[in-house]
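Protein chains: 2
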Amino acid sequence: MAIPPAVNRPVGTIERAIEIMEYLKENDTATVSEMTDHLNCAKSTTHRYMKTLAANSLLVEDGNEYQLGIRFLDYGEVARNKYRLYDEAKPRVDELAEETEEKIWCAVEEHGRSVHIYGAQGKHSVQTYARVGHRNYLHQHAAGKAILAHLPDSQITETIDRHGLPGRTPQTITDRDELWEEIEAIRDRGYAFNFQESVEGLHAVGAPITDENDVAIGAISVSGPASRLEGPILRDELPTLLLGVVNEIGINMAHP
Amino acid sequence: MAIPPAVNRPVGTIERAIEIMEYLKENDTATVSEMTDHLNCAKSTTHRYMKTLAANSLLVEDGNEYQLGIRFLDYGEVARNKYRLYDEAKPRVDELAEETEEKIWCAVEEHGRSVHIYGAQGKHSVQTYARVGHRNYLHQHAAGKAILAHLPDSQITETIDRHGLPGRTPQTITDRDELWEEIEAIRDRGYAFNFQESVEGLHAVGAPITDENDVAIGAISVSGPASRLEGPILRDELPTLLLGVVNEIGINMAHP
DNA sequence: ACTCCTGATTCAAGCTACTCGAACAAAACA
DNA sequence: TGTTTTGTTCGAGTAGCTTGAATCAGGAGT
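In order, the protein sequence lines correspond to chains A and B.
So that you can map any letter, position 214 of the first sequence is 214 in UniProt numbering, and since no number is skipped, the others follow by simple counting.
So that you can map any letter, position 14 of the second sequence is 14 in UniProt numbering, and since no number is skipped, the others follow by simple counting.
Think of the hints as simulated: they come from the structure by calculation, not from any bench.
We treat Cβ as the ideally placed atom computed from N, Cα and C, and that holds for glycine.
Just to be clear, a hint being listed does not mean it is correct.
So the derived label-pair ranges between C-beta atoms look like this [what the hints assert, rightly or not]:
#, chain 1, residue 1, chain 2, residue 2, range
1, B, Arg9, A, Pro91, 45 to 55 Å
2, A, Asp37, B, Arg9, 21 to 31 Å
3, A, Glu34, B, Ala254, 21 to 31 Å
4, B, Pro91, A, Glu34, 31 to 41 Å
5, A, Asp62, B, Leu39, 27 to 37 Å
6, A, Thr31, B, Arg9, 15 to 25 Å
7, A, Gly190, B, Pro91, 47 to 57 Å
8, B, Glu158, A, Glu158, 24 to 34 Å
9, B, Asn8, A, Thr31, 13 to 23 Å
10, B, Asn213, A, Ser33, 28 to 38 Å
11, B, Asn27, A, Glu34, 31 to 41 Å
12, B, Asp211, A, Arg84, 33 to 43 Å
13, B, Asn27, A, Ser44, 29 to 39 Å
Covered by chain A, according to a simulated footprint, are these stretches of chain B (three or more residues, beta-carbon under 8 Å) [what the hints assert, rightly or not]:
#, segment
14, 69-76
15, 129-138
List time: in silico DSSO-like cross-link candidates among lysine-lysine, alpha-carbon distance up to 30 Å [what the hints assert, rightly or not]:
#, chain 1, residue 1, chain 2, residue 2
16, B, Lys25, A, Lys82
17, B, Lys90, A, Lys123
18, A, Lys25, B, Lys90
19, A, Lys82, B, Lys123
20, A, Lys25, B, Lys82
21, A, Lys43, B, Lys90
22, B, Lys25, A, Lys123
23, B, Lys43, A, Lys90
24, B, Lys43, A, Lys82
25, A, Lys25, B, Lys25
With the hints as constraints, model all of the structure from the sequences given.
The following block contains the structure:
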């Protein structure tokens, strides 16, 4: 469950360090000067920050360029392994990719957003912006909407209040009322669709993985080109397949 | 190439934050009190640090327990993708695992230590402490020694000076002269062995991946139970196989 | 060769904001 | 119920973070 991360007096130094990491995630590489323009502080300060981070292997220097160090992998893997879901879902995601020949994602919710913890590609699967570790908005994709619809209303409101409903494509739902209607529909049928709401030309189906208390602990989605994912395949075949899988994972999670 | 990360005046706040992350990596989970015992500061300070980190999704709160957030995956994946080696090596590591039925690792050097960037397991492969993202000492395992032996002498000395030669098993090489002899041997034959030097009962062979300037940009290793990896298999068959693979990767890296 | 520039790096001084300890609240315990 | 342990808040003081200027290193232009 995501508790609103409101801190009374956050440590500025830490937040600025994270700002550096975030910038390097987006831009791959940066110099001290470039980073100074981005942050709002003296160049000497930026320099000291980056040197400190580099000394701890969080950043790697290559001449004057800095980039993220793979030490993050270490932390990331530890974090991922904590989600038992990963172990349970991985083999079935692989199977699904094999079977459907499309792209399969497993996502979890964290702080009101979603994180892709595992993905597998089928023979014909498409490449999108998404990758393992990617965080995005719950309302923008099938797996996210599946999780969102499974939250109690109060938490949905809270999530929307916190993150808003930013658009990504013209099809993305950015209106609160419209989203609530969509949520009702998802609750009725038990799974969510995504009609080009995250990527143009991409359709998807997502279904929630629930624990023994019917709380959504994650979701799985199948996505592919709109031309291929439509009609009965999208409406009936894939949802049936998907529901079987998420059900199975849920049961395995409940009875280790 | 690893430049000695010596910082004049490191930012204490950042280093303490990293200390928290490191502790959580080792211990999976911790409370504010527990962390306060570990760090040397007031409980209120620890509290503020952890709240700040949690507010930025680097930590996740579960009641009073904190653990690493999977936001690290995001950074880790970005970092890993920067190593083109990963893309080139992955398919061949998978093949090797299939072919040898043993555990295969691909590692790179960073700051005088090694990082496993990818691993694949064959049908009979053993599980060890190692996992993706794991950092350890170059002199303690086959892939690491293969990289180490390929460095110029000055950098080897520098690396040893910085990190020392800590032992892991009774077989680990902890004596400088002995290590230099080993390095000579590795240079002569072109690949490295590991006879229970990292894990008791485990043997391995490792060979370096070199770029067009004969600089080692990584290494690949095959490891398995000592009972299975011995005699001609360990001495001839696997090295031949391995050299073919690292050679191929090297060529592909040089001519994209 | 010399100059000019751009960017990294160092340093002392000033003052921000990080650290501390105490006090409070809340939960666990006996 | 009282007691202990834990998380949390807050004001005050000073450690140490920030700053801007000065220095150094490398490259480009003349």
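Hints and how they fare:
{"no.": "1", "hint": "B:Arg9 / A:Pro91: 45 to 55 Å", "in the structure": "50 Å, holds"}
{"no.": "2", "hint": "A:Asp37 / B:Arg9: 21 to 31 Å", "in the structure": "23 Å, holds"}
{"no.": "3", "hint": "A:Glu34 / B:Ala254: 21 to 31 Å", "in the structure": "30 Å, holds"}
{"no.": "4", "hint": "B:Pro91 / A:Glu34: 31 to 41 Å", "in the structure": "35 Å, holds"}
{"no.": "5", "hint": "A:Asp62 / B:Leu39: 27 to 37 Å", "in the structure": "32 Å, holds"}
{"no.": "6", "hint": "A:Thr31 / B:Arg9: 15 to 25 Å", "in the structure": "20 Å, holds"}
{"no.": "7", "hint": "A:Gly190 / B:Pro91: 47 to 57 Å", "in the structure": "38 Å, violated"}
{"no.": "8", "hint": "B:Glu158 / A:Glu158: 24 to 34 Å", "in the structure": "53 Å, violated"}
{"no.": "9", "hint": "B:Asn8 / A:Thr31: 13 to 23 Å", "in the structure": "19 Å, holds"}
{"no.": "10", "hint": "B:Asn213 / A:Ser33: 28 to 38 Å", "in the structure": "29 Å, holds"}
{"no.": "11", "hint": "B:Asn27 / A:Glu34: 31 to 41 Å", "in the structure": "37 Å, holds"}
{"no.": "12", "hint": "B:Asp211 / A:Arg84: 33 to 43 Å", "in the structure": "40 Å, holds"}
{"no.": "13", "hint": "B:Asn27 / A:Ser44: 29 to 39 Å", "in the structure": "36 Å, holds"}
{"no.": "14", "hint": "69-76", "in the structure": "holds (count 8)"}
{"no.": "15", "hint": "129-138", "in the structure": "holds (count 5)"}
{"no.": "16", "hint": "B:Lys25 / A:Lys82", "in the structure": "11 Å, holds"}
{"no.": "17", "hint": "B:Lys90 / A:Lys123", "in the structure": "17 Å, holds"}
{"no.": "18", "hint": "A:Lys25 / B:Lys90", "in the structure": "22 Å, holds"}
{"no.": "19", "hint": "A:Lys82 / B:Lys123", "in the structure": "25 Å, holds"}
{"no.": "20", "hint": "A:Lys25 / B:Lys82", "in the structure": "11 Å, holds"}
{"no.": "21", "hint": "A:Lys43 / B:Lys90", "in the structure": "40 Å, violated"}
{"no.": "22", "hint": "B:Lys25 / A:Lys123", "in the structure": "36 Å, violated"}
{"no.": "23", "hint": "B:Lys43 / A:Lys90", "in the structure": "40 Å, violated"}
{"no.": "24", "hint": "B:Lys43 / A:Lys82", "in the structure": "26 Å, holds"}
{"no.": "25", "hint": "A:Lys25 / B:Lys25", "in the structure": "21 Å, holds"}
Violated hints, listed in ascending order, are 7, 8, 21, 22, 23; each of the other numbered hints is respected by the structure.
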